[in-house]
Amino acid sequence: MAEQFTYLFSHSPGDWVTMIYTTLAERIRNNKPVVLLTVIDGPNVGATLLASPNLNNLGTIGDPELDRVAVRDALGELEAGRTSVRNYGPSGQVTPEDLRDTPTVRVFIESFSPPPQMIIFGAVDFTAALARVAKVLGYYVVVCDAREVFATKRRFPMADEVLVTWPQPVLTARGADLGPRDAVCILTHDPKFDVPAIQGALATNVGYIGVMGSRKTHAKRLERLTEVGVTNSKDLDRLMSPIGLDIGSRTPEETAISICAEIIGKRVGRSVPSLAKSDGPIHR
Amino acid sequence: MREILADIDHWRSQNKRIAVARVVDIEGSGPRDPGAAMAVNQDGEVSGSVSGGCVEGAVVAEALEILASNSPGRLVKFGYSDDEAFAVGLTCGGTVHLFIQPLTW
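Going down the list, the protein sequences come from chains A and B. In this text, residue positions in the first sequence follow my numbering: the first is -10, and each later residue adds one. In this text, residue positions in the second sequence follow my numbering: the first is 129, and each later residue adds one.
Among the clues, some could well be false.
Computed list of chain A residues with no C-beta within reach of chain B, every gap over 10 Å [claimed, not checked]:
#	residue
1	E216
2	V219
3	N221
4	R239
According to the in silico footprint, chain A covers these stretches of chain B (three or more CB under 8 Å from chain A) [stated by the list, open to error]:
#	segment
5	133 to 145
6	150 to 156
7	222 to 233
FYI, nobody ran anything at the bench for these hints, they're computed from the structure. Here the structure is a predicted model, which is why all the values come from computation and not from measurement. Even for Gly, the Cβ is constructed at its ideal location relative to N, Cα and C.
Same shape as in the complex, but just chain A (with noise of 0.2 Å):
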C-alpha cells in the first residue's frame, strides 16, 4: 500500500500551501526521499510544489501540466540524488522550438535523498572513532558485531543502530539497499567475521568496501579468500585493504579521518593515497 502524507486537506489554498514546510520538514528527519521544486524565475517566482515517490504533490507551480512535467523530471534527480535549476515553458514545454515564444520558467530542483549508509562490522576501539567521524559527514551509521559484550549502545551511542548479529544476515536484509554513496568498513580481525562480511559486501552494490589489517593480515586474508573461492580480480580490487589513506595515522580518530577521507576520494574518482594501491610499512 502507498505510504499516506499524515494530514487532512483543509478547505483553504493558504492552509495547505503551509503544509509544505511541515511536510518536508517531517519526511527530511524521517530520512524519507522529498523533492523541492521552487520557481525561481518567469511567472509565478516563488510558487512552491513538494513531490515524494508514490505520494500526491503538495502545492503548484503554476499550472497542471507544468507541474507534471516537472515532477517527473525532478522524481528522476531525486533517484540519482541530484540537485538542480530546469528551464521550462509556462505549460511545462520543454523542447527548444515549443519555448522560442514563450517567457522561460526556472525551476530549481532540490533533492532531499535519504543518508548515505556506513556499516561497520567489528565492535572494536577504532569503530567508535569511525562511527563518530561518519556522522560529521551525514552517514547514517550501523555497528554491527556478534558479541553481545562489545555491541552496545552504550559503547556506541554515536551509531543509529547497534546490531548483535554476524555479518550473512544483515547484508541479505539490507544488501539490496546499499549503492555507490554507501560503504561497508570491516574493521574486526577475526578470519570467523571478516571473511562473511566480505563476501556479502562483494555481493552487494555498496560504493566502498574496506578492510583493516596488517600487510600481513591482509595477506592471510587474500589466502582465506582464496579458500572459499573469492579470487575474481574485479572483486578483489573493491577491496581497499589495508584500509584507509597512506597519511601515518596512528590513533583510532586518525585512522577514521583516513578511512573517510579514502571513501570521499573513492567516490569522486580521484586519485588518492590508498594503502591498498601501495606496500611498505604502514606505521613507520
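We have chain A already, so just place chain B on it with the hints.
Here is chain B on its own, set in the frame of chain A:
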C-alpha cells in the same frame, strides 16, 4: 536544510516571519553546493550558511528587505569582489546564485 529545521521550527512557533536563502547554482569555485541554505527571521536572527562567511551579511540585508517588501522572492548573485573595493563577494573567484524567498509555504 536539515541543519536549520530546528531553528525554523522554533521561529515558526513564535510566529516570526522567516526568509530562506538557498544556493541554486555556482559558477567556478564556490564554498557551498546547491542546496546550502540559510534562514533569517524578521529580527535578523540567522541559522545556517550559504558560503564560507563571505556573503552572509549581505544575504541578511536582502532577506530582511524581501520580508519587508512582501516580495515573492528573487534571485541574487554574488561574484568576485576584487574590482569593487568593499563590495560583498567571494574571494575564491567563483559566482554563487542564491534564491531568497519568504517562507510562506
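Consistency of the hints with the structure:
1. E216: Given a closest Cβ separation of 45 Å, the condition holds.
2. V219: Correct as stated: the minimum Cβ-Cβ distance to chain B is 37 Å, above 10 Å.
3. N221: A:N221 clear of chain B: closest Cβ-Cβ about 36 Å, beyond 10 Å.
4. R239: holds, 31 Å
5. 133 to 145: It holds, with 4 qualifying residues against the three required.
6. 150 to 156: holds (count 3)
7. 222 to 233: With 6 residues in contact (Cβ-Cβ under 8 Å with chain A), the coverage given for the segment 222 to 233 of chain B holds.
The structure meets every hint from the earlier list without exception.
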